[in-house]
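We have chain A already, so just place chain B on it with the hints.
Protein chains: 2
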Amino acid sequence: MKVAILGFGTVGVGVYEMLEKCAGLEPGPVLVRPGKADKPFKVTSIEAIVDDPSVGAVAEVMGGIEPANTYVAMALKAGKHVVTSNKALVAAHGIELCELARINGVSFLFSAACGGGVPFLHNLAIAAQSDKILSLGGILNGTTNFMLDAMQSEGKDYADVLKQAQALGYAEADPTADVSGLDALRKIMLACAVAYDKLPVDGFSREGIESITAADVADFQARGLTCRLITSGGPAGDSVYAYVEPVLFPASSPECAVVKNFNMAKYNGENAGAIVLMGQGAGRYPTASAVVRDLCGLGSLEMFRPACVEVRADNSNCVHSYYVRVNADKADRFSFAESKAAGNAVRGVTVPMAVPVMHAIAEDIRNEGGSIFFAAMEG
Amino acid sequence: MKVAILGFGTVGVGVYEMLEKCAGLEPGPVLVRPGKADKPFKVTSIEAIVDDPSVGAVAEVMGGIEPANTYVAMALKAGKHVVTSNKALVAAHGIELCELARINGVSFLFSAACGGGVPFLHNLAIAAQSDKILSLGGILNGTTNFMLDAMQSEGKDYADVLKQAQALGYAEADPTADVSGLDALRKIMLACAVAYDKLPVDGFSREGIESITAADVADFQARGLTCRLITSGGPAGDSVYAYVEPVLFPASSPECAVVKNFNMAKYNGENAGAIVLMGQGAGRYPTASAVVRDLCGLGSLEMFRPACVEVRADNSNCVHSYYVRVNADKADRFSFAESKAAGNAVRGVTVPMAVPVMHAIAEDIRNEGGSIFFAAMEG
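As given, the protein sequences belong to chains A and B, one line each in that order.
Our numbering applies: residue 1197 is where the first sequence begins, and numbers increase by one.
Our numbering applies: residue 1197 is where the second sequence begins, and numbers increase by one.
Please note that the accuracy of each hint is not assured.
No copy is singled out in the list; a pair is fine if it fits within one copy or between any two copies.
Stated by the list, open to error - Straight-line Cα separation of at most 30 Å, DSSO-like style, residue types lysine-lysine; simulated pairs:
| # | residue 1 | residue 2 |
| --- | --- | --- |
| 1 | 1217 | 1536 |
| 2 | 1328 | 1217 |
| 3 | 1238 | 1328 |
| 4 | 1217 | 1238 |
| 5 | 1536 | 1328 |
| 6 | 1235 | 1328 |
| 7 | 1456 | 1352 |
| 8 | 1536 | 1359 |
| 9 | 1235 | 1198 |
| 10 | 1235 | 1536 |
| 11 | 1328 | 1198 |
| 12 | 1273 | 1235 |
| 13 | 1198 | 1232 |
| 14 | 1536 | 1198 |
| 15 | 1238 | 1273 |
Rather than coming from a laboratory, the hints here were simulated on the basis of the structure.
All values derive from a computational prediction rather than experimental measurement.
Next up, chain A with everything else stripped away, as it sits in the complex (with noise of 0.2 Å):
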């Protein structure tokens, strides 16, 4: 089958490579923006695909929203399989181009927009077929994850480590996406709608990493804690629970053997128990190669079932203690089960609290012009 690429940037030159040597695929035409199809294979408009009979799938790695949405609409209307690795699209306008896929007879997969290598969604929409997902998530962002551990690993300073992270191409020129969890979030709400047939829209509880310092990292390492941002999804009655905040383990957790720019994806089955998959969440071809799979596997899994909707996330029955490093004169918002004087800051472990309420303590705080890190004590 030939294979369009929408996109040729890092991770579709791997795809194209890839294809190349894949029993079964061959590469097809590549969209390309005008003034760069310097190739016979490149192609500048959407209608060199669409209109192409030989063309069976498309692999759409051209990133963002629109004209992303309206081309993979195009080529699915045309009665094209779609493949793509992004999240942003999913997360917006995954529900419609599900049941675009479903009316034209054809699939639309995304393992790519969730883990990079890590094949989460695939197993995760077999999984819920047949067993009763409890919960799921894990360590979902690489360039968060590479800067937490360069932190922890070398004591250097929040604004080293992002310097060091663009340099190596983990991180972009701007961060933000990353950095502040949404690209996280956004993976978890595609998690939650394979598993529960419910996509999370809004009445998210998000936390990155931009308030953590050297100092905050040298405290928690001194109590034998290690950092890590944790992207949490589970059932909550007729809704789902999604949240991304900084988590801190004990030595002993598998989440402190990630390193890297690696993820970890989890699920809990009713029956399969924990299950956790690791590997490269990004990069040209551990993405590629998700994106080449799900080619290899279009057939009768879905992702998204017709009975997923759009809910309103609801975090209000997730409670952790949390580690708390805020000014002095803010620290009386808490309720401190041990604290410490640090200079100007109090450090302290808090009593129990709802993950929405300690996020909007910290919001508040902010806005008031205070500073504040804090991450849930696992267990």
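Frame of chain A, contents of chain B only:
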């Protein structure tokens, strides 16, 4: 689709219960031993299943090679899909049963035979379609992992943890297949056939955990190392390598985070990079969940492809340094990079040596009445 079950032991009961709740599937007749058909759905003759046109698939969870092989072949010839958890059966007859499935236009799948609830073979089969698998393996036996973990975390001796594993139902009355590494070896045989179209049937190196003592544990723990029973496979010229042996890991390795009876399966794809899957490798519901996952995914996936042939494993180019504890009068069989006397024994770490050489020297020493424990040094 109605699914018949061969065997109603630990896994069979789990499969039956899961099928009752799984959309699109329902439990059919269950084959039990003569005199055990105490419910209407239980039957005692295989003909009652293969001649029943309402049965679309058969789950073989009776174990053992015969009569399982005969029954599975009968079911495939009758045009029924077959899913099995029986690693001994697939290791012995997998190639011919897969061929029989192809001839009859049905599927023969066996995810549950390797890794229990961990979806290893399924993901490996998909990855092998589009990626080059550079190596594979991991912790594929939960019984021995439980025993090693208990020895290391509780300081107990081998005989005590074996009793504990038997009391908990993790080890059988005759634990030989687990503790000798045979169970893990059968799993790597299947994984090599899935990844490389080559089923190794001899030429193995296999060392279990029967020689480890509390004193060994104390010594390598003092070196900061943790022992796991590791199964390794990969390409070796026209053949594959495939061996099982204890391996010592530094504390930062993800293998050390695999505790209790958990499994950790790995493959390293040229494009995907290292992909790690962890979960429960045995038990009623984890294993049943793998059987039911395969039943949900009956389609075009082939685990052993038509090109699959039997080969003799070739471990001659696999080289490690080894930690060795051996009688002092046998120590001259090794070139130690470092060693020390320990009572009547010598403990040390060898210079790098080939896997088959290490295993052959250990066999010689045991044949001479000597005692030896060895484990590869990771890295």
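Going through the hints against the structure:
Taking the closest pair of Cα atoms, residue 1217 and residue 1536 never come within 30 Å of each other, the shortest separation being 60 Å inside a single copy and 52 Å across copies. With identical chains, the CA atoms of residue 1328 and residue 1217 are at most 30 Å apart between copies only, with a shortest distance of 10 Å across copies and 38 Å within one. In this homomeric assembly, residue 1238 and residue 1328 come within 30 Å of each other (Cα to Cα) only across copies, at 27 Å, whereas the closest approach inside a single copy is 45 Å. In this assembly of identical chains, the alpha carbons of residue 1217 and residue 1238 lie at most 30 Å apart only when taken from the same copy (19 Å versus 50 Å across copies).
With identical chains, the CA atoms of residue 1536 and residue 1328 are never at most 30 Å apart, being 43 Å at best within one copy and 54 Å at best between copies. When the C-alpha separation of residue 1235 and residue 1328 is checked against a cutoff of 30 Å, the pair qualifies only between copies, where the shortest distance is 28 Å, while the shortest distance within a copy is 49 Å. For the identical chains of this complex, residue 1456 and residue 1352 are intra-copy neighbours only, at 14 Å inside a copy versus 35 Å across copies, given an alpha-carbon limit of 30 Å. For the identical chains of this complex, residue 1536 and residue 1359 are neighbours neither inside a copy (32 Å) nor across copies (47 Å), given an alpha-carbon limit of 30 Å.
For the identical chains of this complex, residue 1235 and residue 1198 are intra-copy neighbours only, at 17 Å inside a copy versus 54 Å across copies, given an alpha-carbon limit of 30 Å. For a Cα distance limit of 30 Å, the shortest separation of residue 1235 from residue 1536 qualifies neither inside one copy, at 64 Å, nor across copies, at 66 Å. Only between protomers do residue 1328 and residue 1198 lie at most 30 Å apart by alpha-carbon distance; the minimum there is 21 Å, versus 37 Å within a single protomer. In this assembly of identical chains, the alpha carbons of residue 1273 and residue 1235 lie at most 30 Å apart only when taken from the same copy (28 Å versus 52 Å across copies).
Taking the shortest Cα distances, residue 1198 and residue 1232 sit within 30 Å of each other inside one copy (22 Å), while across copies they are farther apart (55 Å). In the homo-oligomer, the alpha carbons of residue 1536 and residue 1198 never lie at most 30 Å apart, since the shortest distance is 64 Å inside one protomer and 63 Å across protomers. Within a single copy, residue 1238 and residue 1273 get their C-alpha atoms as close as 22 Å, which meets the 30 Å cut-off; across copies the closest is 49 Å, which misses it.
Of the numbered hints listed earlier, those contradicted by the structure are 1, 5, 8, 10, 14.
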